[in-house]
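Chain B: place on chain A using the hints.
Protein chains: 2
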Amino acid sequence: MNFEFQNPTKIIFGAGTIARLGEVVSEYGKKAMIVTGGGSVKRTGAFDKAVESLKSAGLAYVECTDVEPNPRITSVARGAKIAKDEGCDVIIALGGGSTMDAAKVMGAAALYDGNPWDMILHGQEEVYIPTETLPVITVPTLAATGSEANCGAVITNDETKIKSFIQIPLLFPKVALVDPELTVSVPQNHSAYGVCDIITHVMEGYFNGVDGTPIQDRFAEGVIINAIEYGRKAVANDENLEARAHVQWASIVALNGWVQAGVHMLAPMHMIEHALSAHHDLTHGAGLAIVGPAWMRFAAKYRPERFAQFAQRVFGLSSEGKDALTLGMEGIDAYETFLREIGCPTTLSEVNITGELFEQYAKDAALVVRDEDGKLLGRPPMTTEDIVEVLKSAL
Amino acid sequence: MNFEFQNPTKIIFGAGTIARLGEVVSEYGKKAMIVTGGGSVKRTGAFDKAVESLKSAGLAYVECTDVEPNPRITSVARGAKIAKDEGCDVIIALGGGSTMDAAKVMGAAALYDGNPWDMILHGQEEVYIPTETLPVITVPTLAATGSEANCGAVITNDETKIKSFIQIPLLFPKVALVDPELTVSVPQNHSAYGVCDIITHVMEGYFNGVDGTPIQDRFAEGVIINAIEYGRKAVANDENLEARAHVQWASIVALNGWVQAGVHMLAPMHMIEHALSAHHDLTHGAGLAIVGPAWMRFAAKYRPERFAQFAQRVFGLSSEGKDALTLGMEGIDAYETFLREIGCPTTLSEVNITGELFEQYAKDAALVVRDEDGKLLGRPPMTTEDIVEVLKSAL
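One line per chain: the protein sequences are A and B, in this order.
Here UniProt numbering is used: the first residue of the first sequence is 1, the next is one more, and so on.
Here UniProt numbering is used: the first residue of the second sequence is 1, the next is one more, and so on.
Next comes chain A alone, as it looks inside the complex (with noise of 0.2 Å):
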C-alpha cells in the first residue's frame, strides 16, 4: 500500500481551447517545433489554427512532419535535429498517441547527444536517463493513449522490430491544450480504436494491479462505464461533440495516474500487442482490441472473482445461479460484443496475421517486462508458451 504519485501537467480543456495555444506556448519560449504525424492535421484545419494562434502571439515556428503510426526511433531522431538546428525553445505534439510520444522523446533528445534509442527499454545493459528536455505542449486530435497528460512514450526500432517504452517524470508535458473539437474528424475506425485504447490502459490496472484498491477500482469501472457509453455514440455520429468531450476526457483519466494511483499497474495486453505492431502495420488500439479479450480469458481463470466484479459493475450482469468464472467470462463476452458493434477487429485473421512468428512475438513480449524467470510480469505472470497459447485463442 505504499506508492508516491504526481502529475504536474497542467490540462487546459474545452472545445476551442486550441485558440489559446499562442499564449501558453509563449510561456515556454519564442520559437516553437510543431510536430505532427501524417498530414490530417493540414487537411482538417487543427494545423492552421494552431499556426493563427501562434502566430498572434508574436512565435515563430518550424515543423516537424510525417511521425508514423507506431513511430520510429528514427524519426524521434530527426525531430530532435531539428529542434537543436533551428534553436527551438519548445516543442509543440499536433496529433494522436504517435505523435505526441515522439514529440516527448525528441524533447529530451535534442538535450542528448547520443542516439536517443538508449533511452528506451529495450534489455540494454545500461540505460540512459535523460535529465533535461525541452518543454513540451500536447495538443491531441484523437481521444486514444492519454499520452497527453503522462510521461510514457512508446517508440518502434524498425531495425530490431522491437516496440518498447521510456516512461520517467521528466517526460511530462508541461501543458495538455485538450480541444474535444479536434477530434471530430476522426473516422470510425479510428474513433473505435481509441476507445478500445482507452478501455484496455483502465483495464490493465484494473486487472493487473495489486489487491485491495477499492476507490481505484470504482475510478476504473467508471472510466469503462463512461468511455462504453459514450465511445459508442462518438462512433455512430463523429459530429457528436458532448459524446467526443466526454470520450476526450476519458482517454486523459485512463492513464494520467488517478486511476492507477497505489495499484502498481502491469501491462501485459499492452506488451503483447506491441511485439504485434512492431512486426505489422497495426493500428495499436486495434491490436488491443484482438489481444484484450484473448488475453482476459486466460487471466480469467487465475482470478476468477475480479473478472466477475468487472462483469456486475461494468456490464450490470446478475451473479445469480453462476460461480464466479462463469460470471466472468460473460463479462469478458459483453465486452468483445462491445468491442465488434463499434468495428473494432477481435481476431488476428481480420488483420492478417497468422501464427508464423507466434514464438517471436511472445518471445518479444516478454523482452523487459519480466520476472527472474523471465515471464511476462502480469496478473498471472506469463511464460512464453501462455503467451503463444493466448495468440492462439485470438486466430
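To be clear, the hints were calculated from the coordinates, so they are not data collected in a lab.
Where a beta carbon is used, it is the ideal one built from N, C-alpha and C, also for glycine.
Worth double-checking, as some hints may not be accurate.
Listed next, the in silico DMTMM-like pairs over lysine to aspartate or glutamate satisfying Cα-Cα at most 20 Å (straight line) [what the hints assert, rightly or not]: (1) A:161 - A:323; (2) B:10 - A:4; (3) A:30 - A:86; (4) B:81 - B:52; (5) B:233 - A:211; (6) B:375 - B:389; (7) A:161 - A:181; (8) A:31 - A:86; (9) A:42 - A:281; (10) A:174 - B:4; (11) A:233 - B:86; (12) B:174 - A:4.
Some chain A residues flagged as far from chain B (calculated, every beta-carbon gap over 12 Å) [claimed, not checked]: (13) 40; (14) 48; (15) 61; (16) 87; (17) 238; (18) 246; (19) 253; (20) 280; (21) 385; (22) 388; (23) 389.
Which residues of chain A face chain B? A few of them, derived with a C-beta cut under 7 Å, are [to be verified]: (24) 2; (25) 3; (26) 4; (27) 14; (28) 215; (29) 219; (30) 298.
Okay, now just chain B, sitting in the frame of chain A:
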C-alpha cells in the same frame, strides 16, 4: 465544459512513510518550522518520529505549537513571525486540517509584511493575492479535510467572527507525506467527523456542480461508497490500519481536484457550516453532519433526479414504484442514518446551538460566494430566508 486542472503536489503515501520526512524536507532547505495543534502529536509519538527523521537528515527545526481547531488569523500571524525571525526555509504541517490550513497561509504570510487577513476573502474591497511562499510539506494526522494535497485554507477571524478561505495555486504543498499509521490514534468521534467531512467534500461538487460530468459522477460515488464502508470500519475499530488507509486515501482524493475536475463546484454546505463554527466551538465535520442532511432535503426539491441517482448508486436503493424525489429523500435518510451510526450529531440541539443567531449565520454564509442578488451560490442559490429555513429544519 471548459476548465483547467493542475495539482503539482507530490503524494508519498503509506504506513511508516513519516520516516522519510527528513529526506523530503532536505530537498527544500536546512531549517524547518514544525507547525502543530493542541499537542496530540506529542502524546501519540508522531512528533518524536518527525523530529527523529529530521535529525537523521541533519536538519534544524523550530516549533509553532497550539494552532487551534478552526485556526485563527492571529495564529497564522504568530507562525509567520516565527518562521521569519528564525530564518526557516521550509514549513512542516504536522496535524489535522486546522494545522495544515494555518501552515499553508503562514508560508505566504512569512514573505508578506502586511496583515495576513488581507489574503483571506472576506468581502474586502481589495484582496491581497500573494505571489511567493515558503515551501510547505504536509503530514496529516487525521483523515478529513484533504488539505494535505490541495491549495485551499480556511481561517477564522476571531474578532469579527468571520470564517473564510483562500484558494490559489501558490498554496499547493510541495509534498504531502501521508502515513495512515498516524491516524490510528485518532479518537472515535473525530474519526467519524473526518469521514463526514470527506463525504461532504465530494457531495458539494456532486450536488452543486454543472450538469454533464458523468465520469466525475462515478468518481464521486466511488469515493462516497468507500468512505462509508471503510469509515464505518475505522470508527468501529480504531486499530484497523487497512480501513484507516482507505479512509485516508479517500480524504485526499475527495478534495485534491480529481473528483471535481470540470465540475465547477460550489460549496453551500461548507459556507453554512463555516458560519456556525465561526461563532461556536464546533468541529467542522460535526457541523457538516448537521448541515448536510438538512441542506440536502432542501436542495432535493429542486433537483430530485440527481438525489435519486445518489440513492441508487451509493446506497443501492430501488427506484421501483417511486418518483425521483421520494427515492432521493430515502437516500438522504440512509445517509443520515449512517452519520448517526458512526456517532455524528445530526441536529443543532445536540451541540447546543439555538435559533437566536440564525439570521446572522445566514448573512455570514453568503458573505463571499454569492450571486448579484446576494444569494449564496449553489444549486439552488439560497436567500438568507432559505438558509434560515435549512437551519430551522436542523434544530
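These are the hints, each one checked on the structure:
no., hint, verdict
1, A:161 - A:323, "violated, 42 Å"
2, B:10 - A:4, "holds, 7 Å"
3, A:30 - A:86, "holds, 12 Å"
4, B:81 - B:52, "violated, 25 Å"
5, B:233 - A:211, "holds, 18 Å"
6, B:375 - B:389, "holds, 14 Å"
7, A:161 - A:181, "violated, 35 Å"
8, A:31 - A:86, "holds, 9 Å"
9, A:42 - A:281, "violated, 23 Å"
10, A:174 - B:4, "holds, 13 Å"
11, A:233 - B:86, "violated, 61 Å"
12, B:174 - A:4, "holds, 13 Å"
13, 40, "holds, 24 Å"
14, 48, "holds, 21 Å"
15, 61, "holds, 24 Å"
16, 87, "holds, 28 Å"
17, 238, "holds, 18 Å"
18, 246, "violated, 6 Å"
19, 253, "violated, 6 Å"
20, 280, "holds, 33 Å"
21, 385, "holds, 36 Å"
22, 388, "holds, 37 Å"
23, 389, "holds, 35 Å"
24, 2, "holds, 3 Å"
25, 3, "holds, 6 Å"
26, 4, "holds, 5 Å"
27, 14, "holds, 3 Å"
28, 215, "holds, 5 Å"
29, 219, "holds, 6 Å"
30, 298, "violated, 28 Å"
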